[in-house]
Amino acid sequence: MKYSVLLAALLAVSMTACSKEEAPAPAAEVAGEAAVTAGEAAIDASQAAEEAAPAAADAAAAADAATAAGDAAAAAGDAAAAAGDAAGAAATDAAPAAPAAQ
Numbered sequence: 052m053k054y055s056v057l058l059a060a061l062l063a064v065s066m067t068a069c070s071k072e073e074a075p076a077p078a079a080e081v082a083g084e085a086a087v088t089a090g091e092a093a094i095d096a097s098q099a100a101e102e103a104a105p106a107a108a109d110a111a112a113a114a115d116a117a118t119a120a121g122d123a124a125a126a127a128g129d130a131a132a133a134a135g136d137a138a139g140a141a142a143t144d145a146a147p148a149a150p151a152a153q
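So the mapping is simple: this note's numbering equals the position in the sequence shown, first residue as 1, plus 51.
Note that these hints are calculated values from the structure, not bench results.
Some hints could be false.
Pair by pair, the computed Cβ-Cβ distance ranges are [claimed, not checked]: (1) Ala92 to Leu58: 54 to 62 Å; (2) Ala107 to Ala127: 26 to 34 Å; (3) Ala59 to Asp95: 57 to 65 Å; (4) Ala114 to Glu91: 28 to 36 Å; (5) Ala111 to Thr143: 45 to 53 Å; (6) Ala132 to Asp109: 31 to 39 Å; (7) Ala86 to Ala120: 33 to 41 Å.
All of these numbers come straight from a predicted model, not from anything done at the bench.
Here a beta-carbon is modelled for each residue, glycine too, at the ideal position from N, C-alpha and C.
Between the sequences and the hints, there should be enough to build the whole structure, so can you do that?
Here it is as structure tokens:
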């Protein structure tokens with residue numbers, strides 16, 4: 052009987068010790084960790100933006116050059132059209148002056 056009481060007490064103590072759950076982390080600690088993570092992500096994003104800035108400037112310069120080339124091509128097309136119109140007008144003016152070949 053004495054051993055059964057001792058065994059029951061030992062069993063009760065061990066079950067009590069094993070049944071304890073880990074206490075949840077305080078909200079302030081969790082919020083602090085989240086703030087640190089967010090800060091690190093912001094630093095990484097800032098560094099990536101700084102690294103991408105020269106490439107963006109180069110792309111903008113290339114776009115400006117392409118626009119200028121397009122404008123030059125349009126001007127050349129207008130000049131060619133004007134030359135064609137002038138040639139057509141000159142041919143029209145010269146046609147009545149030429150004798151009719153029969």
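**Prompt:** Broken hints, numbered, in rising order?
**Reply:** 7
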